[in-house]
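Chemist: Here is how the chains run, residue by residue.
2 protein chains.
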Amino acid sequence: MISGIKPSGKPDLALVFSEVPATAAGAFTTNLVQAASVIYDRELLKRRESVRAIVVNSGNANAATGEAGYRAVLDTARLLADLLAIEPEEVLVASTGVIGVPLPVEKIQAAAPQLVADAAADGSERAAEAILTTDLVRKQCALSAVIAGKTVHVGGIAKGSGMIHPQMATMLAFITCDCAVAAPLWRQIVRRAVDRSFNQITVDGDTSTNDLLVALANGEAKNSLIDDPHSPQAELLEQMVTAVCIDLAQKVVRDGEGATKVVEVQVKGAADDAAARQIALTVAGSSLVKAAMFGNDPNWGRLAAAAGRAGVRFDPEKLAIRLGTFALMEAGQPLVFDRAAASHYLKSAPTVVVFLQVGEQAGTGTAWGCDLSYDYVKINAEYTT
Amino acid sequence: MISGIKPSGKPDLALVFSEVPATAAGAFTTNLVQAASVIYDRELLKRRESVRAIVVNSGNANAATGEAGYRAVLDTARLLADLLAIEPEEVLVASTGVIGVPLPVEKIQAAAPQLVADAAADGSERAAEAILTTDLVRKQCALSAVIAGKTVHVGGIAKGSGMIHPQMATMLAFITCDCAVAAPLWRQIVRRAVDRSFNQITVDGDTSTNDLLVALANGEAKNSLIDDPHSPQAELLEQMVTAVCIDLAQKVVRDGEGATKVVEVQVKGAADDAAARQIALTVAGSSLVKAAMFGNDPNWGRLAAAAGRAGVRFDPEKLAIRLGTFALMEAGQPLVFDRAAASHYLKSAPTVVVFLQVGEQAGTGTAWGCDLSYDYVKINAEYTT
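For the protein sequence lines, the chains are A and B, in the order given.
Using the UniProt record's numbering, you'd call the opening residue of the first sequence number 1 and step up by one each time.
Using the UniProt record's numbering, you'd call the opening residue of the second sequence number 1 and step up by one each time.
FYI, nobody ran anything at the bench for these hints, they're computed from the structure.
A few of these clues could be false.
Identical chains share a label here; the pair holds if one copy fits it or two copies do between them.
[Unchecked claim] Below, simulated BS3-like cross-link-like pairs (lysine-lysine); rule was C-alpha separation at most 27 Å, straight line: (1) K10 to K150; (2) K378 to K347; (3) K318 to K46; (4) K10 to K318; (5) K268 to K347; (6) K107 to K46; (7) K268 to K10; (8) K222 to K150; (9) K222 to K107; (10) K107 to K10; (11) K318 to K268; (12) K318 to K150; (13) K268 to K222; (14) K10 to K378; (15) K222 to K378.
Just chain A, same shape as in the assembly (with noise of 0.2 Å):
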């Protein structure tokens, strides 16, 4: 939907509507500098449990606009329940664009109607253009499974290619579900997958003001709730909702500013899941790790190094690490390999895998990163000059 926010006139807004109210998780940047949307959600979400709409605008971040922009965001929410016919508290807001100035909230009142009207089953194809700033690609994944004789779908559309863009970009993503689950249970759910997967993605090691995602689960599936953590229902929700925000992130980072390849790093070995993850994501965030994938060289040092920098112990003496199926160190040693057919491979593989074994414990991690290239320094120089 075309509201006008955007100076481009490409669509800047959209709605996720469910008909029943819908058990809600959400996960928000921990940058200090919220906007104001982000605070609103936050609160919001601590004092209920469902919600039953997500509006969206991809022109304006209303972020750093003080009160003025805290207003804007309840008078969107209360102009789209009046709309909805379901009241403002049911209502989140999210935002991305421009910051420093308030959301026009008069622009989004001129559009509601017609967002309104046109919010439709198969819809999500516009609403995962309409979120996208500087995105080159729609972001967008969809599962189903069936979970105690009923089948169960989860679906989600993502926006970002920096992790910060201030002026003109962020990380949202939303996802949709038909299952019966517990409010507990599905923050549960959630807050781990995005741990598996939106916080394991870096394109330059920078978090918005605006980061935020939401999950909705409607229960419109009539599965029999889930509610028990341990049960191989909830298993098998947990292990649809993580593919699915895995998927999303993934395309995240293939969006990356300037990025020509994606740098999946997996980690085995680690005291614990939390600390092999830590080691992975410092590996795929290091420059220097970065732009030897840009420039196709096999540097193990670098991947040592960055490993040994992540902040979590390991033995540095039973390091191995492996580019694709090219063993580079054994034993904190480097070992003798076939340079350039391993730089052949990063050359052309589309997603280089990464494999570092720290130790011997059970913590297994992975993270997602991309090259550090020509284009995203010009990208990140030239955005105003």
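Since chain A is already given, all that's left is putting chain B on it; use the hints.
Modeler: Positioned in the frame of chain A, the structure of chain B alone reads:
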């Protein structure tokens, strides 16, 4: 001195020697993957307070080399000790260069007699040259002041152009001082100086396996021993050491790979100095801030967002940002400013000053970084291919 460890045939061996035992303080990389010389020096300085020599080679980092590498360090210390007629325990060893290959002690052995014969009071410039790898310029600094009636000198040399560059670079610094100072106080002074200088610079966020600073104070100024941390003498000495360290650290940043400008980030009003330093370092290290600086883009949003993710609590509603003399933000809200003039400031100032006021408390801190240029990517992507 040229030992031939560097294939280029450039100077690659340096010696720092004190005719009398010198009180020694060290600061070492926090990377888990550590060069043999770092492990050796750290252990040695736990056992003893004084040393007399530091031997440095800039052709071979001797990292990821296991026991053979450690033996090479012991052999190097022993052979220098023999030539200098001191104990092996009085020799520290520092290395940078290729990793994964044990130090070729035979080359050091062949060159060492000449290295010792060439040692001279005015040899600082040659030493500053011999420790370089990818650096474009030598980094030296010297200061003197009268402390309690005696002239005291503090000098230093450093190398580094990426925080890490495992196959060819690292950050090394050697500080010499002729002051008589008690060992515990000297170590405290050096630690505090390093925290305000070398620990506050960032080129790419990566730390090396070989980063090391050693500071020697040999008492040849014949001043009466400084041992009271609260004395004006101790304060003046700390100011001198800090000034030398900051000067050298800034020179490392200015020589940062691909850097076209130095960015000095000053933070005031934080809960304490450590918090202020952390915010300053996060802002100086943000890829998006660095790219904006390269593009001469006075992007307050990226500065605010980077401050907000530093992991330090402050009230974003109190955030004020200045760029040189341009006020960009006040009380968390953007201001109207002359964008073209601010961009021109970014283009023309050799050191760009970013100032952030994050509250009204007493904590202050400064960090230095450089911009992120096409050349950084080029230097680090095309290293081996």
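Chemist: All the hints need checking, so say for each whether the structure fits it.
Modeler: Hint by hint, here is what the structure shows:
| no. | hint | in the structure |
| --- | --- | --- |
| 1 | K10 to K150 | neither (39 Å within a copy, 73 Å between copies) |
| 2 | K378 to K347 | both (21 Å within a copy, 16 Å between copies) |
| 3 | K318 to K46 | between (44 Å within a copy, 26 Å between copies) |
| 4 | K10 to K318 | neither (53 Å within a copy, 35 Å between copies) |
| 5 | K268 to K347 | within (25 Å within a copy, 46 Å between copies) |
| 6 | K107 to K46 | neither (29 Å within a copy, 67 Å between copies) |
| 7 | K268 to K10 | neither (44 Å within a copy, 42 Å between copies) |
| 8 | K222 to K150 | within (7 Å within a copy, 87 Å between copies) |
| 9 | K222 to K107 | neither (38 Å within a copy, 77 Å between copies) |
| 10 | K107 to K10 | within (14 Å within a copy, 66 Å between copies) |
| 11 | K318 to K268 | within (12 Å within a copy, 43 Å between copies) |
| 12 | K318 to K150 | neither (47 Å within a copy, 52 Å between copies) |
| 13 | K268 to K222 | neither (39 Å within a copy, 57 Å between copies) |
| 14 | K10 to K378 | within (23 Å within a copy, 35 Å between copies) |
| 15 | K222 to K378 | neither (51 Å within a copy, 57 Å between copies) |
Taken one by one, the earlier hints fail for this structure at numbers 1, 4, 6, 7, 9, 12, 13, 15, listed in ascending order.
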